[in-house]
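> With the hints as your guide, set chain B onto chain A.
Residue numbers (UniProt numbering), protein chains in the order written: chain A, 1 to 525; chain B, 1 to 525.
In silico DSBU-like pairs for lysine-lysine, Cα to Cα no more than 30 Å straight-line: (1) B:LYS206 with B:LYS6; (2) A:LYS206 with A:LYS6; (3) A:LYS206 with B:LYS436; (4) A:LYS436 with B:LYS206; (5) B:LYS522 with A:LYS522.
Just so you know, the hints here were simulated from the structure itself, not pulled from any lab data. As the structure is a prediction and not an experimental result, all values here were calculated from the model.
2 protein chains.
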Amino acid sequence: MTLEGKMLIGREATSGSSQPISAVNPATGERLEPAYLGGTQAEVERACVLADEAFDHFRDTALDERAAFLETIASEIEAIGDALIERAMAETGLPQARLEGERGRTCGQLRLFASVVRAGEWLDVRIDPALPEREPMPRADLRQRHIPLGPVAVFGASNFPLAFSVAGGDTASALAAGCPVVVKGHSAHPGTSELVGRAIQRAVAKCGLPEGVFSLLFGSGSEIGQALVADPRIQAVGFTGSRRGGTALMATAQARPQPIPVYAEMSSINPVFLLPEALRSRGPQLAEGFVASLNMGAGQFCTNPGLVIAVAGAELDAFIEAAGAAVRQSAAQTMLTPGIHRAYQQGVERLAANPWVKEVARGPLGESAHPCQAGLFVTSAEDFLADPELQEEVFGATSLVIECADLAEMQRVAAGLEGQLTATLQLDDGDLEAAKGLLPTLERKAGRILANGWPTGVEVCHAMVHGGPFPATSDSRTTSVGSAAIQRFLRPVCYQALPQELLPEALRDGNPWAVSRLIDGKREA
Amino acid sequence: MTLEGKMLIGREATSGSSQPISAVNPATGERLEPAYLGGTQAEVERACVLADEAFDHFRDTALDERAAFLETIASEIEAIGDALIERAMAETGLPQARLEGERGRTCGQLRLFASVVRAGEWLDVRIDPALPEREPMPRADLRQRHIPLGPVAVFGASNFPLAFSVAGGDTASALAAGCPVVVKGHSAHPGTSELVGRAIQRAVAKCGLPEGVFSLLFGSGSEIGQALVADPRIQAVGFTGSRRGGTALMATAQARPQPIPVYAEMSSINPVFLLPEALRSRGPQLAEGFVASLNMGAGQFCTNPGLVIAVAGAELDAFIEAAGAAVRQSAAQTMLTPGIHRAYQQGVERLAANPWVKEVARGPLGESAHPCQAGLFVTSAEDFLADPELQEEVFGATSLVIECADLAEMQRVAAGLEGQLTATLQLDDGDLEAAKGLLPTLERKAGRILANGWPTGVEVCHAMVHGGPFPATSDSRTTSVGSAAIQRFLRPVCYQALPQELLPEALRDGNPWAVSRLIDGKREA
Chain A
1 MTLEGKMLIG
11 REATSGSSQP
21 ISAVNPATGE
31 RLEPAYLGGT
41 QAEVERACVL
51 ADEAFDHFRD
61 TALDERAAFL
71 ETIASEIEAI
81 GDALIERAMA
91 ETGLPQARLE
101 GERGRTCGQL
111 RLFASVVRAG
121 EWLDVRIDPA
131 LPEREPMPRA
141 DLRQRHIPLG
151 PVAVFGASNF
161 PLAFSVAGGD
171 TASALAAGCP
181 VVVKGHSAHP
191 GTSELVGRAI
201 QRAVAKCGLP
211 EGVFSLLFGS
221 GSEIGQALVA
231 DPRIQAVGFT
241 GSRRGGTALM
251 ATAQARPQPI
261 PVYAEMSSIN
271 PVFLLPEALR
281 SRGPQLAEGF
291 VASLNMGAGQ
301 FCTNPGLVIA
311 VAGAELDAFI
321 EAAGAAVRQS
331 AAQTMLTPGI
341 HRAYQQGVER
351 LAANPWVKEV
361 ARGPLGESAH
371 PCQAGLFVTS
381 AEDFLADPEL
391 QEEVFGATSL
401 VIECADLAEM
411 QRVAAGLEGQ
421 LTATLQLDDG
431 DLEAAKGLLP
441 TLERKAGRIL
451 ANGWPTGVEV
461 CHAMVHGGPF
471 PATSDSRTTS
481 VGSAAIQRFL
491 RPVCYQALPQ
501 ELLPEALRDG
511 NPWAVSRLID
521 GKREA
Chain B
1 MTLEGKMLIG
11 REATSGSSQP
21 ISAVNPATGE
31 RLEPAYLGGT
41 QAEVERACVL
51 ADEAFDHFRD
61 TALDERAAFL
71 ETIASEIEAI
81 GDALIERAMA
91 ETGLPQARLE
101 GERGRTCGQL
111 RLFASVVRAG
121 EWLDVRIDPA
131 LPEREPMPRA
141 DLRQRHIPLG
151 PVAVFGASNF
161 PLAFSVAGGD
171 TASALAAGCP
181 VVVKGHSAHP
191 GTSELVGRAI
201 QRAVAKCGLP
211 EGVFSLLFGS
221 GSEIGQALVA
231 DPRIQAVGFT
241 GSRRGGTALM
251 ATAQARPQPI
261 PVYAEMSSIN
271 PVFLLPEALR
281 SRGPQLAEGF
291 VASLNMGAGQ
301 FCTNPGLVIA
311 VAGAELDAFI
321 EAAGAAVRQS
331 AAQTMLTPGI
341 HRAYQQGVER
351 LAANPWVKEV
361 ARGPLGESAH
371 PCQAGLFVTS
381 AEDFLADPEL
391 QEEVFGATSL
401 VIECADLAEM
411 QRVAAGLEGQ
421 LTATLQLDDG
431 DLEAAKGLLP
441 TLERKAGRIL
451 ANGWPTGVEV
461 CHAMVHGGPF
471 PATSDSRTTS
481 VGSAAIQRFL
491 RPVCYQALPQ
501 ELLPEALRDG
511 NPWAVSRLID
521 GKREA
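Next comes chain A alone, as it looks inside the complex (with noise of 0.2 Å):
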């Protein structure tokens, strides 16, 4: 399988004519070949045409039809091998087994929403059945079912270049929804970006499709970015990355003519309580799995836990000595990118100038070319409550110890976050009735509430929550991990007194997609 160099345009590989985009492995700054031509203005457009021609016929696909093209995108990916593996290692310098396992991820991610597809629940079938005779008015037959909104413009990221990139969890849940996808690739890893990209593209081929539901566009900058958000035939966003570049997509969906919802993942800092009792009870054990999920994919995890919070006192100190301890002897790991790297270095920086902020321990070095130097800081909550800065990301192994002097200031520490993906309580059963005053304040806050765990790690499965409120996500109404990801991109289309001809399958009398229905309000057995 060699590599071309090219964006997907439907069914072609082409060239752009825009600057270059090169690979670097971040563990040697080496340069990968091939160069990616980056796309323009007019690349955008035609993709965006051959995704808006291709919707109407691919929104029409059987449940069946559309969850095998799920599954046939998955099993595709699988056929490439080690080739996928080993260009994704090179590209962003993350180890082979994580890779891996994130490449199960993906297909898995694929392979559940064949089965959301085939259930039919997303459609959310809703009939009301006439009332011819009803006073004063009679009632008309009305029914409602759930459509794609339309052609979906996806942001790859670069943490995750299999599983929040070309076929990830967007990708995955547009399609499945019904809607077209527009990718444009993340520039750190255009290889593994085209390898998957041909994958879907053979796919697409395979299951008889219209070329246009997949393309992939590269450029460098937010140039092609901000023009296929801007493109009219774009109906919807799905992002992961910085809050700055989400806040700037949320700012071009809202200026066109018609504004467009924009599901941008952008910046938590994932706050753990270490409740008093649990403190006590388990510190040290507490720390080394901090430690761990902190130090997890060099802590470039949009749930790395950046923030630890707890009562001052002999239980926490020993805590930071054994969190800083581990922390001094954590490998620092190569990270994805030198923008990423730089970008971690300039946040540590900032702390440790933080007159309020003390350091506790870093990591060594390292000797890779791009090394993640862990970092553990201590600060008060008063402190911590008066400065806004602290909350800023540092995306990167580093956390910020919060000193509370008792549990009403942590309180006011959780009153005061920002909105987050995760809020973490470690608790032990005398614990119950501080956890029960922080949880109201943890739910306003946090799109998951985890106890006695660490926030890395996101299950893809039904119940899992993937958001948060602002700035953690754009829109706190959806998750873009797990299952209901598919509904962030359909919209309810109601039709009254239409004639079976007429009626989409799914909603005709008979339910022949035998599809779980609510009529008149009532779940049907």
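What follows is chain B alone, placed relative to chain A:
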């Protein structure tokens, strides 16, 4: 029940200190007592602080308790008796029967949401049980439910002084979701608003809920409304009104440090397609039904049929002639406010002055102070497609007929439409193929598609969609009428490995709330 001219903030009745607002009887031009002194930033803040304080208590109410509250509001509104109808008639010029019907709908809507709250589908409970033995990694216990977003700002609409106002659909669905509500009452019917607001206030007290669950503010101009949307405690907005008003609120909501969702129902011209066979076989009845729908409520319905699209020919000529004759005999009804009347006259004059538009008929002028003189105009598909101004809503009983050369041109007109609340097909058996050709386009344009009916008259039920792509609404993913409207004010939260004592009751083992649940992706029987 004496009107005091007061705003209602929590349990208090209070006067503002800005411009006084007086309702005007639109039939007579007479100013109605009492005057309402508008609020200032101080009252906005007080109402929002109370709402925020009430939120955690209110959202924690059991299903029955919250449902009983909605039912109590309905009973309290009914208990006002004739005084409510009389005041609403004086403030709006709407006839008694219409307002009595609207009161029934308003109370029925509150009771529908009570039943929706009790059924608990809105919680969207999902449970993925722990898999401790799974390889390579165990799965934690993951449970999801929906929680309310927080305090909601609701803007009363002028055209439904009961059903889309203080205790209308937005308020009912937000309260059902567990969100405290701060209403900005419409300046055209402050007395009606005060009466209904006091009914809600009494219901809050009777049900022992915190006072901040409901407040009612007044204010002329946009100042109070903008301040309300900008208040950091407000977490969502419900609005029905003009496109200009809605987009201004959208901009304010997006410019906040924490952007929030705005559900604005704004502008729709509700195209009606007369397919050839239907036009041939029952043109005169169609003309009659169309003009009746056009005149309903002096055309002041969001779903008023402002556009009729058909293939040119003798049958369409006959339809236009019959519809024109009916328009000429349409008695002018009083419009809601002097401002709406003025805007209507300007809209009609703009149509009349358009060189590509021909006047078919105007109704009699009538004798009230603000009569809606019905109007019918005609233009060609080509001219319609060339002039975006012809898609602007003229709020009132005026409609535009589009003559198409053939079905292909009808299809182009459909494709050229902006987003709509509704699209209607008049069809006979011989029109099925033509209808099939139009449907995919109409699904992309409208929230509700009707066959052989008229768009006015929106059923409050489970399958209803009163929504649609921009500019019909600001958010096509929802509806503002019907039980699904509750979903606008909810967001999912996931609980990972929480002990039973900390889980919300709805998520506990044994399903103590007896709600519908998705277990491992399967709907529980």
